[in-house]
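There are 2 protein chains.
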Amino acid sequence: MRKPEILMTPGPTPVPAEVLLAQASPIVYHRGPGFGAVLRDCIEGLQWIMQTRNDILTFTTSGSGAMESAVVNCFSPGDKVLVVSVGNFGERFQTICKTYGLDVTVIDYEWGKTAKAADVAAALTPDTKGVLIQHSETSTGVVNDIEAISKVVKDHPALFIVDTVSGLGASPLKVDEWGIDVAAGGVQKALMMSPGIGFVAVSPKAWDAYKTSTLPKFYFDWGPVKKSHDLPDPESPYTPAVSLFLGLQAAIKLLREEGIENCFERHRTLARAVKAAVQALGLELVGEDQERAVCVTTIRAPEGIDGSAITKLLRAKFGIVFAPGQGQWKGKVFRIGHLGYFERADVLQAVAALEMVLDELGYPVKQGAGVAAAQDVFAQAG
Amino acid sequence: MRKPEILMTPGPTPVPAEVLLAQASPIVYHRGPGFGAVLRDCIEGLQWIMQTRNDILTFTTSGSGAMESAVVNCFSPGDKVLVVSVGNFGERFQTICKTYGLDVTVIDYEWGKTAKAADVAAALTPDTKGVLIQHSETSTGVVNDIEAISKVVKDHPALFIVDTVSGLGASPLKVDEWGIDVAAGGVQKALMMSPGIGFVAVSPKAWDAYKTSTLPKFYFDWGPVKKSHDLPDPESPYTPAVSLFLGLQAAIKLLREEGIENCFERHRTLARAVKAAVQALGLELVGEDQERAVCVTTIRAPEGIDGSAITKLLRAKFGIVFAPGQGQWKGKVFRIGHLGYFERADVLQAVAALEMVLDELGYPVKQGAGVAAAQDVFAQAG
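Chains A and B, in that order, give the protein sequences.
Start counting the first sequence at 454; every next residue gets the next number (our numbering).
Start counting the second sequence at 454; every next residue gets the next number (our numbering).
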């Protein structure tokens, strides 16, 4: 007997049984009232989570497809854009922009740093057409202060484009209040859904840019998607992943029952407990602004122990999957995802298992010390 | 009580309970041996169905995304391509090619016609870089004789690109024997799966073209997908629709149990029965080469009755979904999909229900005549 692995990764994350079972419902025909009602629930739910009245456009794709759609629908070759990069997904935005022939300026922060509004203000020029940034950067765990940065972009002609694939639902994102023109999301993180649906929230200003954008696009073209989504029975231009939309509808129902503020508070508390626990074990947190980093906690591997050895042993012994370091942090860190379908008991379990694994790898652990620190956080949270 | 609708459409099609339940399995982490084994089964299964040793590349996307990937990975702006169009999806290939700035020549057949090898041979010029065609054209129901056409393309430098989204698994497609360079498929038709996975089989000649292709691409770029699929534990570069791959693995298992030749034979028999039944009711089949048209049967609406009225009433009264006419055939025809998870009893049921609906709409029906004709076909098939 082996229970399913527990995905404390930055995504995909565990999916509630109710959602999995919704995915197993018989296929609904994708044109007509049946699927129309499902898609409408999904669109309205995503507007609610994103705190926006902007159009939500959905795609059968990974989150990276939603990011690509933001680029190809807003710009034309040679357009000057500013990519604010704090890690791997910032590099992905650069790659996409360069692939499509944009004139890319990068604010390239050292990994672990968060973006600073003053740096963005200084890098903006009158001809900057877009600012692209991550909300949560899963490679380092940091969450950028999008609200602060929005203040320096809001009154500039540039579009403000935010990748919130791993942030949405865990860390607040107020699309309308903060003037975000394109927010690109995915369902497989805090939204507790199986991967396969990407989406964007598109502001009127972004639609204006769409009208003049000349970059080639077909599958990710926003125009046909809006036209289909706006039908009395919403549709998609190309056959959508019907089962996944049934799942998303169920996941949104769960999130509405919890309430979005409670969901954010849950993520804050879990993150605090994880951070307190690993610090109590003498480990070092990596990345600025830990209080904001509610999605993923990045931890420096102890001297002489490879971070990947920790994640491998934990997976083998306990079926708990943490993420190893990516890119330049390979081996040097490990990452604990605590976003999505997790509650306090999950954190207690994971910390206790981590203690045993660290001990086995020769790191001096006072067994139970991490657990006690997490317990303290939960006791205080009430 | 209302049972789920029966999707006798050209897709999506009904999904077996075993496959739906596989989709409801807990999420497997997308990097590592667990998902690797799933993806390997899917890739090998698709090679088996496509009768090819070429690379299979999978994407989380609709079938149209797989079609787009064929265009953006093989060509450069200004490349001359020949689109052989026999309906709506031929028009889609034209749209994609024009979107990406290709120099498009079209053999534009009247709807209902099949493509002729001689016409393709006549239209090929020394600088033609690609020939794009549908295997099964769902808007009209015709299935092109890809084998015959392959003979005139095979020794030409042009790439032979076949959209087999709705044909694959119902009508034979011998990718290697026929020299198909890119076959683009989807899972939501004869493969009995929920929509959301698109894929391509890529020949060495197509890989050569990839090397010089300058069209911009990111999400649909074949290079990173091949690199990920070729890992010891196959992966995808961007988070794949894990649940759908679990479903596809289960669907392929069912197809392997049936055997591909038996699957083709089942489709042939069901198609013959449907065609015999509607003809026995005095209705006219539309489209050339009906014996080959094993996926979808297109039927002219009787004088004075709108085709959409038939599909609407059948759906309302019996929960059976036929497809109405598309594009220029709107109202003039209706289409019965008999591809995927169907057997003889389903056809008998659908024909009997159709008889009642035609009668209610004022068309003179000898009740039971269509059913009797289908019964004859099945009796003869043994």
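Honestly, the hints are just simulated from the structure, not real lab data.
Please note that a few of the clues may not be correct.
Same chains, same label: a pair holds when it works inside one copy or across any pair of copies.
Derived lysine to aspartate or glutamate pairs resembling DMTMM-like cross-links, with alpha carbons at most 20 Å apart [stated by the list, open to error]:
#1 Lys-680 to Glu-497
#2 Lys-783 to Asp-686
#3 Lys-765 to Asp-686
#4 Lys-566 to Glu-600
#5 Lys-765 to Glu-688
#6 Lys-658 to Glu-756
Hints, one by one, checked against the model:
1. Lys-680 to Glu-497: For Lys-680 and Glu-497, only the intra-copy Cα distance (16 Å) is at most 20 Å; the inter-copy one is 38 Å.
2. Lys-783 to Asp-686: between (47 Å within a copy, 19 Å between copies)
3. Lys-765 to Asp-686: between (47 Å within a copy, 15 Å between copies)
4. Lys-566 to Glu-600: For Lys-566 and Glu-600, the Cα distance is within 20 Å only inside one copy (17 Å; across copies 58 Å).
5. Lys-765 to Glu-688: Between copies only: 18 Å across, 43 Å inside.
6. Lys-658 to Glu-756: Classified as neither: same-chain Cα gap 50 Å, cross-chain 50 Å, threshold 20 Å.
When the structure is compared with the earlier hints, a violation turns up for hint 6 alone.
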